[in-house]
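J.: If you want the building blocks of each chain, they are given just below.
4 protein chains.
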Amino acid sequence: MRQRPASARTSPPSAALDAAGHPALLLVDGVSSIGSMDFRMDEWGVDVAVTGSQKGFMLPAGLAIVAFSPKALAATETATLRRCFFDVRDMGRSQAAGGFPYTPPVGLLNGLKLATGLLLAEGLDNVFARHRRIADGVRAAVAAWGLELCAERADIRSDTVSAIRTPVGFDATRIVTHAAQVYDVAFGVGLGDVAGKVFRIGHLGALTDVMALSGVAAAEMAMVDLGLDVRLGSGVAAAQEVYRRTAAADLRAAA
Amino acid sequence: MRQRPASARTSPPSAALDAAGHPALLLVDGVSSIGSMDFRMDEWGVDVAVTGSQKGFMLPAGLAIVAFSPKALAATETATLRRCFFDVRDMGRSQAAGGFPYTPPVGLLNGLKLATGLLLAEGLDNVFARHRRIADGVRAAVAAWGLELCAERADIRSDTVSAIRTPVGFDATRIVTHAAQVYDVAFGVGLGDVAGKVFRIGHLGALTDVMALSGVAAAEMAMVDLGLDVRLGSGVAAAQEVYRRTAAADLRAAA
Amino acid sequence: MRQRPASARTSPPSAALDAAGHPALLLVDGVSSIGSMDFRMDEWGVDVAVTGSQKGFMLPAGLAIVAFSPKALAATETATLRRCFFDVRDMGRSQAAGGFPYTPPVGLLNGLKLATGLLLAEGLDNVFARHRRIADGVRAAVAAWGLELCAERADIRSDTVSAIRTPVGFDATRIVTHAAQVYDVAFGVGLGDVAGKVFRIGHLGALTDVMALSGVAAAEMAMVDLGLDVRLGSGVAAAQEVYRRTAAADLRAAA
Amino acid sequence: MRQRPASARTSPPSAALDAAGHPALLLVDGVSSIGSMDFRMDEWGVDVAVTGSQKGFMLPAGLAIVAFSPKALAATETATLRRCFFDVRDMGRSQAAGGFPYTPPVGLLNGLKLATGLLLAEGLDNVFARHRRIADGVRAAVAAWGLELCAERADIRSDTVSAIRTPVGFDATRIVTHAAQVYDVAFGVGLGDVAGKVFRIGHLGALTDVMALSGVAAAEMAMVDLGLDVRLGSGVAAAQEVYRRTAAADLRAAA
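Residue numbers (this note's numbering), protein chains in the order written: chain W, 1 to 255; chain C, 256 to 510; chain U, 511 to 765; chain P, 766 to 1020.
Okay, chain W solo, but in the shape it has when bound (with noise of 0.2 Å):
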């Protein structure tokens, strides 16, 4: 059996806020983290959490998933934006009674507990550690083509999802209407600061190997009708020898 690595980090995200003494809550976006890469709510000071149930849950769209701390609740007393569906205290007080203030999506609750069953199942180290061997893999195409990642530093690196840099004066958008028009297959455009500069490869969920080496062939057919220097096969061989040496690993672990 694995050991459950200490956290790597130095210091938990809410370290500057309490270094600042500022009382603004921490509030994380993990849509596309939660359920796929560590996350610890307590230890890190979290005080509001939402991911939804389409990415490392693995169901269809539908549920947001929202968790408060004891800070973050207190806060809902005082706040004074008027609100009614979002009101999270009415949430509260049904679920103490049992039940839900509102009609509950029944069928995305009960996917949603088989969902985490799984995770359970596979370990959550598991889980996190079949995302990073994966995301391993779509940064060794990355680099293969002779491109370069959004996130400049490794620390800050996602291990579901790689927003990947084109060559300065070519429009990275293109790759994404091209792979989802030609080879019917769906990678993320970016947004705001990078509209434009880098295309998206999300890399979670219900993945296998031979799954990320299938986007991974996509986007470099993308790229080379697009006419971007970018051999055919040579980030999915940069992927493959990453799948299969820790496979490789995996197997032996389990021996």
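Each hint should be verified, as a subset may be incorrect.
To give an idea of the chain U side of the interface with chain P (calculated C-beta under 8 Å), a few residues [as the list claims (entries may be wrong)]:
hint, residue
1, Tyr693
2, Leu717
3, Thr718
4, Val720
5, Met721
6, Ala728
7, Glu730
8, Asp735
9, Leu736
10, Gly737
11, Ala747
12, Tyr753
Derived CB-CB ranges, DEER-like [what the hints assert, rightly or not]:
hint, chain 1, residue 1, chain 2, residue 2, range
13, P, Gln946, U, Leu628, 15 to 23 Å
14, P, Asp855, W, Gly227, 50 to 58 Å
15, W, Ala121, C, Pro325, 51 to 59 Å
16, W, Pro167, U, Leu628, 45 to 53 Å
17, U, Arg599, W, Thr76, 24 to 32 Å
Keep in mind that the hints were calculated from the coordinates and are not lab data.
This one's a predicted model, so the numbers in the text were calculated from it and none came from an experiment.
The beta-carbon is built from N, C-alpha and C at its ideal position, and this holds for glycine as well.
Following the hints, put chains C, U and P in place on chain W, whose structure we already have.
T.: Frame of chain W; chains C, U and P shown alone:
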């Protein structure tokens, strides 16, 4: 709109029987081909054709789909094998009355209606061309690996499954076992005379270019893992070249 | 083909607002009615209508379906409530560009397309008449039990749910609890002013006569179990009489 | 916990064969009973038992489930009927090696695993008692209608289906046709000697009291529609009385 190509065969499959004046029925096992490759029961003089729900029709296994020529139907009247469940005359009588002689698998029949609707909406010639394209990619990968198909001539190749010969002395079944265990990918073993000498990649049904590439990539990793002289990414690159060239042609044709 | 009946109302719901010269928006909670009973947003001067996927549209819970009149849309420009997720202007901008501002629940949207297709294929007037028939049967059962509806006048009755008053001193919620525990049937409790005074039988969506009868039968058993003065089979027989009379009329009309 | 009742039969079904010293195999068609009523293959000396996925196992049609005694297996070695697909020796050899001789219907096999898990979780004796209760209700309805079962003695009644005799001169099949057309409810026709003389109500599988009541109510309406001397609600009331009395007993036993 594309024109339906004339059948490439110079003589129909029944020609040999006709030439010999032999009264045998011509039976076709179309499990892995009907719905994915051209098949002309009447034109080719086929007497009995059988397929299943689980390949070209993209459904779960469960339905055996059988067609009889008038000659085959007549033969059921004089056949001497004792039979009950498989007496097609019961089936014929019930269907003439709008029913079934036994409890019908309603779900699969509804699925078959939907599946045939999808095939007809795509257009049978487009469906056949898609399988040809995908098979061409897989065959390009096989050539890039320095391996050969079990089918020795181009005119007997299948567009839905490729049986690949491995080097003499190597047990091809190991590739199938390894890919299933390590990469969660199902290939087929060689059967009968070619057991241990070939492994099979199925490539039919609701399949896209990049799905086929994931199978090629998995085979590649498995072969490298097992010590065969194959370069990672080589087969994938060869298949990618086929797919991107022909996909572009498709788009130009559709424009 | 049947003719669409003219709306039975002598004045639209917005008449009172118009008569008073009041600038308020007319909002309609159509969760339990839209798709099952006649609703005419423009003709009736409705500004905002909301419904869900889980009732008349026969889908799992998950979609809130909202429609705005031009007057309501204009009001969103001057509204002062701070909002983000529920700012329909974002939704409008994205939909104008063929997209969504947030991850859409694709499965439910596909289901809505299918469900609305079913409703249109049946014919909205036929759908409304079916709900009227089924409601008439439930109401006949209520009368046979010697009970009364919460709705005191026929013109404010709902064809999709019947709230039934129980004798003074009896806690109506016990029927709901008992039916769920003993007969695995879900009724609704009274809310607000009528809590404990009524229980509700929902009868909408993909419902047939005999499904409604099973609900009537369950209510009957629960009431007898709990000591109310109701005769087993009495409500069922009254509803059956409605159903068999109107079903026969339907068949004659269709002949 | 309830004790498993000793089998009520004074002699097993194979006793007659044994008494006669006859070498015939004892074959049981358990399609409508296995999984819903007590069945003891070894204890009763059964040689071949067959059932399907679509009744007691609550799945779509598609699986034939067959069990052989050692005596029946031995007979397959000497049987002279030419056979291929139905040669159970192929099935036995493949299953001994952990596989199947033909493509298995994986979805239904997974379903069977789930369904048998549900049956075992409920407890087989509870499952059998539930079917007995539901059947008792249907039989009470039949008596209330003044009709009789096809089964003339209580010890040969089925707890999963009731074949009901209609008055002499009345074509019982009309009830089946009418209920399907007008009430969208599927009853079964009489077969063979009792064609036109009986109609059948199936009451097995994932069925609750109120579902059974809906079938009773539909039969009642159909019979009244067709002029039979049956009072609306009479059968339902009789079945309700059985259900509410026995449901209450169940709750007391569980308390």
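J.: Evaluate each hint against the coordinates.
T.: Consistency of the hints with the structure:
With 8 Å as the threshold, the beta carbon of Tyr693(U) comes within range of chain P, its nearest partner Cβ sitting at about 6 Å, so the hint holds. The beta carbon of Leu717(U) comes no nearer than 11 Å to any beta carbon in chain P, farther than 8 Å, and the hint placing it at the interface is violated. Taking 8 Å as the C-beta cut-off, the interface hint given for Thr718(U) holds, the closest approach to chain P being about 5 Å. Using the Cβ-Cβ criterion of 8 Å, the hint placing Val720(U) at the interface with chain P is satisfied: the shortest such distance is roughly 4 Å.
Here the hint on Met721(U) is kept, as its CB sits about 6 Å from the closest CB of chain P, short of 8 Å. Checking Ala728(U) against chain P: minimum C-beta separation of about 5 Å stays under 8 Å; hint holds. With its C-beta approaching chain P no nearer than about 7 Å, Glu730(U) sits inside the 8 Å limit, and its interface hint holds. The interface hint given for Asp735(U) is met, as the beta carbon of that residue sits about 6 Å from the closest beta carbon of chain P, less than 8 Å.
Hint status for Leu736(U): violated, given a least beta-carbon distance of 11 Å to chain P, over 8 Å. Checking Gly737(U) against chain P: minimum C-beta separation of about 12 Å lies over 8 Å; hint violated. Given hint, Ala747(U) at the interface with chain P, holds; its Cβ is 3 Å from that chain's nearest Cβ, closer than 8 Å. Below 8 Å, beta-carbon pairs count as interface contacts, and Tyr753(U) has one with chain P at about 7 Å; its hint therefore holds.
For Gln946(P) and Leu628(U), the hinted distance range of 15 to 23 Å is satisfied, since their beta carbons lie about 20 Å from each other. Range check, Asp855(P) to Gly227(W): Cβ separation about 57 Å, and the 50 to 58 Å hint holds. The given range of 51 to 59 Å is respected by Ala121(W) and Pro325(C), whose C-beta atoms sit roughly 57 Å from each other. A hinted range of 45 to 53 Å for the beta carbons of Pro167(W) and Leu628(U) is consistent with their spacing of about 51 Å.
One distance hint, 24 to 32 Å for the beta-carbon pair Arg599(U) and Thr76(W), holds here, with the actual separation near 26 Å.
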